[in-house]
Amino acid sequence: MHPILALILRRLALSGLILLLAAVVVFVGTEVLPGDALDAAIPADERIYYTEEDFTRMRAELGLDRPMLVRFGEMLIGLITFDFGKTLVTRDAVIDNIWHPMINSMLMASIAIVVTPLVAIALGIAAAIKPGGRLDGIVSGATLFSYSMPDFVVANIFVMVFALQLGLVPAVLLIPEYASAGEVLKLSVLPVMALIVSGVAYQFRLLRAGMLEALASEFVERARLSGVPEWRLVIVHALPVAVIPMLNGTAQFVAGIISGVVVIEAVFRFPGIGLELIRAIIQREIPTVQAITFLAAFAVILGNLLADIAVLALDPRVRRPSNGH
Amino acid sequence: MVTDVQNLSQPREGSFSPLARVVRSPLSVIGLLLVGLHLFFALFAPLMAPYSISAILTDGLTPPSDLHWLGTDQIGRDYMSRLMAGGRVALLVSLTGVSVALVVGTTLGIVAGYLGGLGHLGRMVDDLIMRLTDAMMAVPELLLIAILVLTFGKEIWSLSLIVAIVYTPGAVRVIRSRTISIAAFDFIRAAELRGEKTGFILMREITPNLRGLMAVEFAMRCSSAVLKISALSFLGLGISQPTPDWGLMVQEAMTVVFTDPWFVILPAIALSSLIIGINFAVDGLARAYGVVGAETAA
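If you read the sequences in order, they're chains A and B. Residue numbers are given in numbering that gives the first Met the number 0: position 100 of the first sequence equals residue 99, and the series is strictly consecutive. Residue numbers are given in numbering that gives the first Met the number 0: position 152 of the second sequence equals residue 151, and the series is strictly consecutive.
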């Protein structure tokens, strides 16, 4: 078999294993304590309306009376086959409840995932062309601050500046749950801007460090001595090298975007998966919480796998079979 | 003999100790001052605050006055007293949780990193630990914290426990990768050849060389934990009334952002200045200990 193909298959298998373990983490995280999902779903003050027989009957219906290992196996198979079961109280299919919010959030998240590295790369190039220059100083200083700003603070600042002071966009998003993709996109501008701030800052800092290191290395010096112009050194020679640490951080990047999506949706009341998760947690709707958390882990693992493959393409050193691990 | 890797890999600038080098960078001095200020307020807010954090003193929101320098909030509680105490829980939870995470994470990381290089069984232990950290880190931190709150509750001790659980895998990874590079040094080989016990090598040869990295990790994870705990209370899933918390205060004030934006801006500034302070200090700390970018980036 082609060695690269073997490496890719190996990473694919590893990702599958990690996904399986992530399902274990989600299950243990939500069901490690005594008491079951039903206890959690029905608030104490409503419990007087149910008799002990009602509980026994409902447990049997939900399959909660079976041993934990059986339920664990069932949930695991459910999660990895993307069958998320039914909600506890209303008995709706979980997937019907989360499908539309998920599409809305994926629109917002995928724009952020594409735009963030592009902005970071543009700023990184601008800063690396004249390290220590004015532009570099401004961007480096600004990212040092914006990297430290909480998402919800950034989002609120944007609301105050762009909506209240400048009146450019509505401050409160009113998106019907079944809005078309076009409408959602139009209203997503401000949320996406707030979402990418910390990611851009983080990736820029990684990229700038990598670029400066590459620009000081011997292969770039050789090219510089043979008369290659500085902008070409930055873009053609240093950038591909500096992008690798950024790509290696993809798992954290995607995870950060997902955490950010939850927070940003809460600020803008954006009808997405984040609001749905918060609702599910407050109502203690465990199957929905499990489904959303598992899908988030799935997205992170998938993003990481794609980035790994991109690194294989960019970096000849990792392609050596001995470094497969 | 205990050898210091920093001396081998990174020549020290003059005879300055790492701490002295932190203090030489203006950015980290600003950072340390901010952190010091915040710790001071967190410790002494109850003594300095003019009013109780939960006493209802007026009918709802009032502008600043002689009695209430920053006014009162929607429920009529003194805003300055609440603002001063707004970082206490998040800081306490982060400091205790991250400490535990670092102790557990360092132990597992050293074991995985060192044993991974020793034979088949060690390799299996290493693989097991690493795949578990991969799986935990695949769940975004905020989501993992949120589902654990569902399970453990949101008292101070449970939030600390949750922070400890969530931040352990990251610590394991960073410590493990540094341990692997330390284990490649000759002084470790020498200790092995002298016939030192594995425990001695882990405790006396490897651990002392991790101090700088651990200091940087501790500060960095604390800033991340404070952010996450505040975000959690902003979402209404964490610290709850009547405890004052900056995240919660921002959320409460969002309904009056059109008329009284200061109630959003002040806690936002308080929280951001704490995070910025820690991150600036981390920057100086990382430079002083020669811990660079990619290794700490997590």
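Hints are supplied without guarantee of correctness; some may be wrong.
[Said to hold, decoys possible] Here are some of the chain A residues that sit facing chain B, going by a computed Cβ distance under 10 Å: (1) V23; (2) Y48; (3) E51; (4) L106; (5) I110; (6) Q251; (7) A309.
[Said to hold, decoys possible] Pair by pair, the computed Cβ-Cβ distance ranges are: (8) B:D185 with A:L11: 18 to 28 Å; (9) A:L311 with B:S176: 16 to 26 Å; (10) B:L117 with A:R221: 40 to 50 Å; (11) A:E73 with B:F43: 28 to 38 Å; (12) B:S176 with A:S109: 27 to 37 Å; (13) A:A180 with B:G152: 38 to 48 Å; (14) A:R318 with B:D126: 40 to 50 Å; (15) A:R318 with B:L26: 38 to 48 Å; (16) A:L8 with B:T254: 29 to 39 Å; (17) B:G194 with A:R133: 34 to 44 Å; (18) B:G194 with A:L134: 57 to 67 Å; (19) A:V69 with B:D185: 36 to 46 Å; (20) A:L75 with B:T254: 41 to 51 Å; (21) B:V22 with A:L311: 11 to 21 Å.
It is worth saying that the hints were derived from the structure and are not from the lab. Beta carbons: idealized from backbone N, C-alpha and C, even for Gly.
Cross-check of the supplied hints:
1. V23: Holds: closest Cβ of chain B sits about 7 Å from V23 (chain A), inside 10 Å.
2. Y48: 23 Å, violated
3. E51: 25 Å, violated
4. L106: Violated - the Cβ of L106 (chain A) stays beyond 10 Å from chain B, reaching only about 18 Å at its closest.
5. I110: Violated: closest Cβ of chain B sits about 18 Å from I110 (chain A), beyond 10 Å.
6. Q251: 6 Å, holds
7. A309: With Cβ-Cβ at 17 Å, over 10 Å, it is violated.
8. B:D185 with A:L11: 18 to 28 Å: 39 Å, violated
9. A:L311 with B:S176: 16 to 26 Å: Once the Cβ atoms are compared, 20 Å apart, the range 16 to 26 Å for S176 (chain B) and L311 (chain A) holds.
10. B:L117 with A:R221: 40 to 50 Å: Roughly 41 Å apart at Cβ, these two residues keep to the hinted range, so it holds.
11. A:E73 with B:F43: 28 to 38 Å: Taking Cβ atoms as reference, E73 (chain A) and F43 (chain B) lie about 54 Å apart, which means the hint is violated.
12. B:S176 with A:S109: 27 to 37 Å: 31 Å, holds
13. A:A180 with B:G152: 38 to 48 Å: With Cβ atoms ~39 Å apart, the hint holds.
14. A:R318 with B:D126: 40 to 50 Å: 22 Å, violated
15. A:R318 with B:L26: 38 to 48 Å: With a Cβ separation near 40 Å, R318 (chain A) and L26 (chain B) satisfy 38 to 48 Å, so the hint holds.
16. A:L8 with B:T254: 29 to 39 Å: 54 Å, violated
17. B:G194 with A:R133: 34 to 44 Å: 60 Å, violated
18. B:G194 with A:L134: 57 to 67 Å: 58 Å, holds
19. A:V69 with B:D185: 36 to 46 Å: 54 Å, violated
20. A:L75 with B:T254: 41 to 51 Å: About 42 Å separates the Cβ atoms of L75 (chain A) and T254 (chain B), which means 41 to 51 Å holds.
21. B:V22 with A:L311: 11 to 21 Å: 44 Å, violated
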